[in-house]
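Protein sequence lines correspond, in order, to chains D and F.
Going by the numbering used here, the first sequence opens with residue 670, and the numbers climb by one from there.
Going by the numbering used here, the second sequence opens with residue 670, and the numbers climb by one from there.
Honestly, the hints are just simulated from the structure, not real lab data.
Take the hints with a grain of salt, since some may be wrong.
Same chains, same label: a pair holds when it works inside one copy or across any pair of copies.
Stated by the list, open to error - Derived DSS-like pairs (lysine-lysine); straight-line CA-CA distance at most 27 Å: (1) 1265 / 862; (2) 770 / 1030; (3) 1049 / 1071; (4) 909 / 1265; (5) 1159 / 1030; (6) 1020 / 1071; (7) 1196 / 1265; (8) 755 / 1183; (9) 798 / 1183; (10) 792 / 1183; (11) 1128 / 1265; (12) 1026 / 1054; (13) 1030 / 1053; (14) 770 / 947; (15) 1183 / 742.
Number of protein chains: 2
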Amino acid sequence: RLDKSDTPPSTGPSSLSFRSHTCGELRSDHVGERVTLCGWVQYLRQDQFVILRDFSGLTQVLIPQEDSAGDLKAALCDLTVESVVKVTGTVRRRPDGQQNKAMPTGEIEVQAESIEVFNLSRKLPFEIKDFVKKSEALRMQYRYLDLRSFQMQHNLRLRSQLVMKMREYLCNVHGFVDVETPTLFKRTPGGAKEFVVPSRDPGRFYSLPQSPQQFKQLLMVAGIDRYFQMARCYRDEGSKPDRQPEFTQVDIEMSFVDQAGIMSLVEGLIQYSWPVEKGPIEVPFQTMTYEEAMRDYGVDKPDTRFNMKLIDLSEIFLSTEIQFLRSAVSQPGGSFQAICVPDGAKLLAGKDLENLKQTAKTHFGQELTLVLVKADGTLKSPLKKLLSPSDTDRILQRTAAKPGDLLLTAAGSSQTVRPLLGHLRLHCAQLLESRGITVRDPAAFHFLWVVDFPLFLPKEGEPEQLESAHHPFTAPLPEDMELLYTEPQKVRGQHYDLVLNGCEIGGGSIRIHKASIQQYVLNNILKEDPSLLSHLLEALDSGAPPHGGIALGLDRLVSIMVGASSIRDVIAFPKSFRGHDLMSCAPDFVPEEELKSYHISVNWLTKQK
Amino acid sequence: RLDKSDTPPSTGPSSLSFRSHTCGELRSDHVGERVTLCGWVQYLRQDQFVILRDFSGLTQVLIPQEDSAGDLKAALCDLTVESVVKVTGTVRRRPDGQQNKAMPTGEIEVQAESIEVFNLSRKLPFEIKDFVKKSEALRMQYRYLDLRSFQMQHNLRLRSQLVMKMREYLCNVHGFVDVETPTLFKRTPGGAKEFVVPSRDPGRFYSLPQSPQQFKQLLMVAGIDRYFQMARCYRDEGSKPDRQPEFTQVDIEMSFVDQAGIMSLVEGLIQYSWPVEKGPIEVPFQTMTYEEAMRDYGVDKPDTRFNMKLIDLSEIFLSTEIQFLRSAVSQPGGSFQAICVPDGAKLLAGKDLENLKQTAKTHFGQELTLVLVKADGTLKSPLKKLLSPSDTDRILQRTAAKPGDLLLTAAGSSQTVRPLLGHLRLHCAQLLESRGITVRDPAAFHFLWVVDFPLFLPKEGEPEQLESAHHPFTAPLPEDMELLYTEPQKVRGQHYDLVLNGCEIGGGSIRIHKASIQQYVLNNILKEDPSLLSHLLEALDSGAPPHGGIALGLDRLVSIMVGASSIRDVIAFPKSFRGHDLMSCAPDFVPEEELKSYHISVNWLTKQK
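Extracted from the complex, chain D is given alone in its bound form (with noise of 0.2 Å):
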């Protein structure tokens, strides 16, 4: 006799609850198992079946229809759709013809015995269907009813999986710490982004931290000798597409390593907690220096999932007697450059050319000049009749360009060209992949390195003055090193961004470990006032050890994981794009009163847009 009790087991996901199995477990070998069930009412179907819903899945309870079974055909008949229920009943098998494949469970059924309502559910705003299509608003709204489904029940539970086994990897095979570093903390200078907290001290704020930056280093001064965090941080950058006013951040810091210890370190990280199912991930990743990532693809965190370089045509034209081109071409720093579009003149339509042209004017000030191959191999470009037939070969052999591609070209400063075609190739890619074509497999996970980024940039407005490509703790690659007294506009910085199909997911950086050469950056080369990063100076130079890390974009890599166009279907209460949580109707009033304590008072006056 099969009939084992239907207590739950002492370990797995129906430990110590009311249930003995979860509604995506029963299968065949169950049958004639008493089990006892919990879940959301899915439908019922003609007062015979109730489809009972829980996280694992769907199982069919079977209403009895005998007369002495009146009650509790009456109490299963009169559920609401998403009423919460305890079922216990025997497993049986399907009769045949009934199976369904479709469904994991689908070879049985559970005939009822006994029924506890828990809570019958009002009418919902929406069906919990994942292919039920609801507004954004209504998603947000209802936050609660939106995280029952399929697709996001998966989203949050491979996110729990993937950090569970990144810490595995991290605290039981790398020996690192997990630290929590506090988020109340003190103003960054000029740190505009960052959101403040009054505190009882008049005048006073603290500031909720973009990263742990600071803290991080200080406990490898502290010699925790490694340390991770799954940590919290804070940016207030007003509404911005896809962003959210607090993300998390998978943090690490490691001491006694270099550039490549730390690269190494994530790929392990990723290639341990990569889901079986997503298929196995190669390492090492590819790696390409900043320069290459400009000079092929015109961005610094290129898509390698798919080809369209940038192909550089300066050298034909250097001696051409198109005078606009000449000119361009054999300015500092100007050139030629294209990027070839396969089957772009057969595919994209009169108002998608426009539309391109209109782009690269209206966001990068420039000219683009199309030029078509059509089917005979003809040209049909407003440089055709500009151009010799050897500088058309040179071009067609040059670009590989092929009959019915599209070639987008531009001259001018490669600082402008560069990232023009860069972006025109992502936006052509989506083009054609509109179109049907398929240009990048959506099962593909491509990672790469960018390296050796520049130390310094010029300051956006006031280009004499340099500022931190990225932070100023950043060491110099070890060669360019004597370059930071000479010339630092030249320095590349020991950085690393990881790149995830086209998206930045984190970055890096060996940081500087001694306070002089930190002072000389501060000092002589940003002109900040090192009084206010006393403490970490100080700290540098207390027996600051060589040391570095990276921190990594948990809910961007988890989006691109499952494939959610919006990082807001990986984090279980996302904000609104203006920063509002649509459920709670957050942020929201505080009466004065409560606010005295704190000091301030709201500028009701103030109107600003």
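On the provided structure of chain D, position chain F as indicated by the hints.
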């Protein structure tokens, strides 16, 4: 030949680093191996040895004395204390008589062959030695030095390991999902202890929540089934000893579970994650009702490591001729109670006794009457001449007081007498311990559940109005359900507190899962505006499963485990008791300019305190 490579291993605490071994790792097994160590100079001895330290321990490095190694010798001898170096050399057995048994690496030393000096240290404000006493303020200001001590390294590492084991238990053993909930949330009505965070919407503020209570319940409504989070929580309590404005709780919530289920889960959690070196933990834990705890210990979080329970002597005095006693015990709720302090009469001085009486008067408004049992068995007490010989016998019998013992007695309302004697019980334990008596085993860990708390308490200052004893979401005991509508002050809640060695380290409850009951509690009993929690009420009405959970105070738990006197010793970067970060000087002033985008200004004229 044992000369193994000095390259780092692929896993473990030295993987991917410049070192081959840690400074605490080498034993006589390693003799002959070429190794590389990285660490801090603990001290130099007679130009012969450098003692190198990292998080794992100390290793003695032998300075070569040959003329041919002059540069190496000079480099080593020039090191300042706390400088950071890498030393490569060969492990050798220490000469006979030079072994140090007290040092785990005391059988070996490393003969230096090369050195790289990463950083020389300035003279530090204090030495990195556990026995060097430092002021709390200095420790906080130079936290990165304070953390180098073996004690602080131990505390932070034990914390990290404890948390890792807890996660393994919750995720891997019981199928919990780690979900991050927002910390920028809506202000709780009357949430006077919540920090506010101004937003860019004029007059609107986020609030940093004191716990994820609403979110964890919403996650149950969302079908997450089993949630946990190491949750950062915030509480603005101004200056309170050993409280931190931000702290961490192990936050747990489960669906389809009862009180016994949550209690088993937590017992298993503690047992699973408990450090081996602290000895085994036995489960189930002792359970006591709130009523029993108050009756026997005078507090709702009894320290059960020692006896000295409260003894109710009321019945002896129901018919006494001592007027003030008879009147006290015959009033409703009146009683005469005692605790017996073993050897108290012998060990406590007159000044101690005066202090006890003073405390009773000042903090409890109560007369304390002392009864000293002298060596010859006779009493010394103001009561002595009032008591009949039979009363005296009965008192000595009931209290089991022996010669040399001290009885503390008080007559009055149990509401006052119990907390008074509960307080003095702990005070006397401390007093006895300060006299060298072991009252509580410092290595003992007594876990205790306290259950059956009252659901509501009379509001302070407004005793005819009820307020929640814990929070408004706690469900009544099923057997008290009817009382909710008739005598709510008598309802006991499905609340449970976890107590360790007399400290509350956690509390939780089974929640109300029916909207109608929750609404009744908010509207009719607590007289709160339910519109402020409308999203929660709506959620309960949308198919909420029965659920419950708990939150454990991680900082407090770890501090008791490691025997720290303050939770500051188990937090990497704590705030001072006034809420300041003494290292970075947070909170700090913020330029008025930067407050503009938040539409707030500082009320400099407000004088408070």
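Taking the hints in turn, this is what the structure says about them:
In this assembly of identical chains, the alpha carbons of residue 1265 and residue 862 lie at most 27 Å apart whether taken from the same copy (25 Å) or from different copies (13 Å). When the C-alpha separation of residue 770 and residue 1030 is checked against a cutoff of 27 Å, the pair qualifies neither within a copy, at 55 Å, nor between copies, at 77 Å. In this assembly of identical chains, the alpha carbons of residue 1049 and residue 1071 lie at most 27 Å apart only when taken from the same copy (13 Å versus 112 Å across copies). In this homomeric assembly, residue 909 and residue 1265 come within 27 Å of each other (Cα to Cα) only across copies, at 20 Å, whereas the closest approach inside a single copy is 32 Å.
For the homomeric pair residue 1159 and residue 1030, neither the shortest alpha-carbon distance inside one copy (30 Å) nor that between copies (75 Å) is at most 27 Å. For the homomeric pair residue 1020 and residue 1071, the shortest alpha-carbon distance inside one copy (22 Å) is at most 27 Å, but the shortest distance between copies (102 Å) is not. In this assembly of identical chains, the alpha carbons of residue 1196 and residue 1265 lie at most 27 Å apart only when taken from different copies (26 Å versus 38 Å within one copy). Taking the closest pair of Cα atoms, residue 755 and residue 1183 come within 27 Å of each other only across two copies (15 Å); inside a single copy the shortest separation is 64 Å, beyond that limit.
In this assembly of identical chains, residue 798 and residue 1183 lie within 27 Å of each other by CA distance solely across copies; the values are 24 Å between and 58 Å within a copy. With identical chains, the CA atoms of residue 792 and residue 1183 are at most 27 Å apart between copies only, with a shortest distance of 15 Å across copies and 65 Å within one. In this assembly of identical chains, residue 1128 and residue 1265 lie within 27 Å of each other by CA distance solely across copies; the values are 24 Å between and 40 Å within a copy. Proximity of residue 1026 and residue 1054 under a CA criterion of 27 Å is satisfied intra-copy only: 20 Å inside one chain copy versus 108 Å between copies.
Only within a single protomer do residue 1030 and residue 1053 lie at most 27 Å apart by alpha-carbon distance; the minimum there is 21 Å, versus 103 Å between protomers. In this assembly of identical chains, residue 770 and residue 947 lie within 27 Å of each other by CA distance solely inside one copy; the values are 23 Å within and 53 Å between copies. Taking CA atoms no more than 27 Å apart as the test, residue 1183 paired with residue 742 passes between copies only; the shortest distance there is 23 Å, against 77 Å inside one copy.
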